[in-house]
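Colleague: Single-letter residue listing:
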Amino acid sequence: MANRAIPGVAAHATTDLPVMLPFNPKAGAHDELLVSRWLASVPPRYVFFLLLLWPVAAFAQGVDYTTADAFVALWRWIPFLTFQGFVFNILISVCAMTIGTLAGAVLGLAHVSRLRIIRQVAWFVTQLFRNSPWLVLLFIVLLAFPFQIEVFGTTIPIPGWVKAVIGLSLPIMANISEIVRGAVQSVPSAQWEAAESLAFTRTQTLWQIILPQCFKRMIPPWMNWYAILTMATPLCSLLGVGENINFTRQAMEAEGNRPELLVPFFGYSLVLFFAYCYPIARATMALEKRFALKL
Amino acid sequence: MNGFEEFFVRLAEDSPRWNFVWLYDERQAERILSGLWMTVKLSIACVILSVIIGIAGAWMQGAKNRVARAIVQGYIQFFRNTPPLVQLLFFYFALGQFTPVVTGPDGWTQIPVISNVGWAIISLSFFAGAFNVEIFRAGIESVPYSTREAAESLGMTRTQTYTNVVFPLALRVSIPALSNNLINLVKTTTQAFAIAVPELLYESVSVWNDFPSAQNPTMLLLFVVYISLVGVLAFGMTSWERKLRIPGYGE
Amino acid sequence: MSTWTEDQPIVSIKNVRKAFGTLEVLKGVSMDIMKGEVVCIIGPSGSGKSTLIRCVNALNDIQGGSITVEGQEVHTENLDKLALRKKVGMVFQQYNLFPHKTALENIMMAPVKVLREDKADVKERARELLKKVRLYDKEDSYPGELSGGQQQRVAIARSLAMRPDVMLFDEVTAALDPETVKEVLVTIKDLAADGMTCILVTHEMGFARELADHIYFTDRGVIVEHGPPDTFFDNAKDPRTKEFLDQIL
Chain Z
0 MANRAIPGVA
10 AHATTDLPVM
20 LPFNPKAGAH
30 DELLVSRWLA
40 SVPPRYVFFL
50 LLLWPVAAFA
60 QGVDYTTADA
70 FVALWRWIPF
80 LTFQGFVFNI
90 LISVCAMTIG
100 TLAGAVLGLA
110 HVSRLRIIRQ
120 VAWFVTQLFR
130 NSPWLVLLFI
140 VLLAFPFQIE
150 VFGTTIPIPG
160 WVKAVIGLSL
170 PIMANISEIV
180 RGAVQSVPSA
190 QWEAAESLAF
200 TRTQTLWQII
210 LPQCFKRMIP
220 PWMNWYAILT
230 MATPLCSLLG
240 VGENINFTRQ
250 AMEAEGNRPE
260 LLVPFFGYSL
270 VLFFAYCYPI
280 ARATMALEKR
290 FALKL
Chain E
0 MNGFEEFFVR
10 LAEDSPRWNF
20 VWLYDERQAE
30 RILSGLWMTV
40 KLSIACVILS
50 VIIGIAGAWM
60 QGAKNRVARA
70 IVQGYIQFFR
80 NTPPLVQLLF
90 FYFALGQFTP
100 VVTGPDGWTQ
110 IPVISNVGWA
120 IISLSFFAGA
130 FNVEIFRAGI
140 ESVPYSTREA
150 AESLGMTRTQ
160 TYTNVVFPLA
170 LRVSIPALSN
180 NLINLVKTTT
190 QAFAIAVPEL
200 LYESVSVWND
210 FPSAQNPTML
220 LLFVVYISLV
230 GVLAFGMTSW
240 ERKLRIPGYG
250 E
Chain R
0 MSTWTEDQPI
10 VSIKNVRKAF
20 GTLEVLKGVS
30 MDIMKGEVVC
40 IIGPSGSGKS
50 TLIRCVNALN
60 DIQGGSITVE
70 GQEVHTENLD
80 KLALRKKVGM
90 VFQQYNLFPH
100 KTALENIMMA
110 PVKVLREDKA
120 DVKERARELL
130 KKVRLYDKED
140 SYPGELSGGQ
150 QQRVAIARSL
160 AMRPDVMLFD
170 EVTAALDPET
180 VKEVLVTIKD
190 LAADGMTCIL
200 VTHEMGFARE
210 LADHIYFTDR
220 GVIVEHGPPD
230 TFFDNAKDPR
240 TKEFLDQIL
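Chains as they are written, first to last, in numbering that gives the first Met the number 0: chain Z, 0 to 294; chain E, 0 to 250; chain R, 0 to 248.
Where hints are given, some of them may not hold.
[What the hints assert, rightly or not] Chain R stretches covered by chain E per the calculated footprint, using a threshold of three residues with CB under 8 Å from any CB of chain E:
hint	segment
1	28 to 34
2	104 to 118
[Said to hold, decoys possible] Across the chosen pairs, the derived CB separations fall in these ranges:
hint	chain 1	residue 1	chain 2	residue 2	range
3	R	His202	E	Pro143	36 to 46 Å
4	E	Ala55	R	Asp79	50 to 60 Å
5	Z	Gln126	R	Arg115	26 to 36 Å
6	E	Ile226	Z	Ile89	24 to 34 Å
7	R	Asp79	E	Arg65	22 to 32 Å
8	E	Ser212	Z	Phe199	46 to 56 Å
9	E	Val66	R	Gly70	35 to 45 Å
10	Z	Ala193	R	His202	27 to 37 Å
11	Z	Lys215	E	Phe6	27 to 37 Å
No wet-lab data here; the hints were simulated from the structure.
By construction, the Cβ of each residue, glycine as well, lies at the ideal position given by its N, Cα and C atoms.
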């Protein structure tokens, strides 16, 4: 979908006139590497400015209950917010990504199935989960799944975070399937024909010829979706799942819900998410650049 | 009670997981409808405001004033990188405290000037607006400088060139990206749930809290409504794009 | 300086200097153009020809010297850009039509939006101009539906709609297919026959010889040689001019 030329203007003109330059948003919303491209565009020195800005902005407010007190309070909570809270965000994102990737790969291959009905089902599932709000999916999974399941007589409880993982993996699955489909279709059809003429079966062609060619170009968008997913994990707090944002709000409540607490506490969350996603984004763009040169 | 309603009452009795309560209970129907109406209002308000922010921001980015450009850049950087949910919470809880209050009609309640709906509109519009600025800026950059020069050599001022030539062309190039972003915006309105804006998701959750038997039908409704909303928006944008298509270019 | 009369140069360029950063493009260029004259500027690419005529309608600024159009100084702080651009029309190498407007709308746009003239009058005038450039049947076509030569003729009509006194042509045939070059040149010839003052930057030597009243040859930011076409083409004195003409003819 990247840089889709507008039929009518940026697309090929019937005349020799170069009417419009290529539409090339550095971070347009249609760009599939949007989040990573943007994050990676932040020069590393700004990361330090950001870290500086946070206490400075907080200190600029100070009234009675001083901002210094708020930071002392934050200091007490940091281990809890980080190791009980943020680690859970990472755990949720890693699990959801794993499930979403596996399911998405299967769904993506279903898009190029020779059976029409399978293609249609895959299309429907993809559209359904791509176009539904993430929060709606989370709620539905939370309610649709039982609190516990019985396996061979033993009762296994399903905690909220497991449901959150399932809920978040659904949109990831749909979007990964689009990446797989796009990558497979980006391999010229002549490759399929060449393989067929060498008596490869369709499955052999897919696994031995097509997928190895497009595997590399799937990695950057895949990592990009991981960054998006990580930034969506705070949504789980709305379902009462214990993660960073939820604990941050609880911690602020325990400290008396003072307005001075907001900037230090939410600021700490922002810094955590930024610190985690930033290196991933840099790596994504580095990989994208490297693969772009070779392909 | 007509036959239609009777059918769903009987269905609820026969299969307790499929209680379409909002199809025969007037009060629940009102809740769902008011939630739907709120979602629609929220979406329309945010779409319009975010497009205005996008146009204004893109215009400011082309300004000679370095401070104006730096402000826009800072704005984009901030709203791009933070989760919209955290933005909503931050706007509502942090900025919400500093907004003035007025005394309500009963003489003693204090009503903030900006309600939670107001904060949701502001926050979500700024979120989507940040992307719109970039989209329009890219569209403007795709208009060749020589086309602008031609307009200038015909005596047009910067504003005339912008409104008559640059923007109409930039808009055409920007529509697909704009469309994707606005669809994402409509989906993101559900997050206003976090500050208790009574939109469709919020009302649905409160309906199924009251009627656990109505969970399945309400989920189904949510899917249908959001897919339809997204579908209507996508359809509208596509037909707009087709209408603006310039003869002689493209397919 | 509103005392300009027709016996004075309509465009007067005096010792103009222009640099892009450290790169000096014009190193003191002077020329006078009288009303109704057709002047061709030729020379190797990168010799500053296009820059020079872009300076005449203030698309580029200058670092030294002066340019006047009908006695009005172009490069001053309080330049009335609109007044200048009404007097001076310009046609570009890449046509630069507005792709979202039809041929007729392209022509009507500036008089209606900039000069705020009556739309019906402008429409009538635009149709006449289209007839003049022999595109009467193309008024509802969009630029993308026209050939390069047709687009360039619309661009000429678009400039004429502002009723300029001077027309600048910046290598207007350079981007065209050989078979469409002629139709554009014929249009310019018609214009010249009507008495329009034309300044052309061109590589069409045959055209320059036939039509021009005066030819300037520029190289590396200076005017190397100038004169009426016959003298210029047959008795070039400067070795640089000779070399250039040998290569091109």
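Colleague: Now tell me if each hint is right for this structure.
Modeller: So, going through the hints one by one against the coordinates:
Check on the segment 28 to 34 of chain R: 0 of its residues sit with their Cβ under 8 Å from a Cβ of chain E, so the three-residue criterion for coverage is violated. Counting residues of the segment 104 to 118 of chain R whose C-beta sits closer than 8 Å to any C-beta of chain E gives 5, which meets the bar of three, so the coverage hint holds. The supplied range of 36 to 46 Å is broken by His202(R) and Pro143(E), whose beta-carbon atoms lie about 23 Å from each other. Between Ala55(E) and Asp79(R) the beta carbon distance is about 30 Å. The supplied range of 50 to 60 Å is therefore violated.
Distance hint check: the CB atoms of Gln126(Z) and Arg115(R) are about 51 Å apart, inconsistent with the given range 26 to 36 Å. The beta-carbon spacing between Ile226(E) and Ile89(Z), approximately 31 Å, falls within the hinted interval of 24 to 34 Å. Taking 22 to 32 Å as the suggested C-beta distance range, the pair Asp79(R) and Arg65(E) conforms, at roughly 28 Å. A beta carbon spacing of about 54 Å between Ser212(E) and Phe199(Z) agrees with the range 46 to 56 Å that was offered as a hint.
Take Val66(E) and Gly70(R): their Cβ atoms lie about 41 Å apart, and the range 35 to 45 Å holds. In this structure the supplied range 27 to 37 Å is violated for Ala193(Z) paired with His202(R), their Cβ-Cβ distance being about 48 Å. Between Lys215(Z) and Phe6(E), the C-beta spacing of about 56 Å breaks the proposed range 27 to 37 Å.
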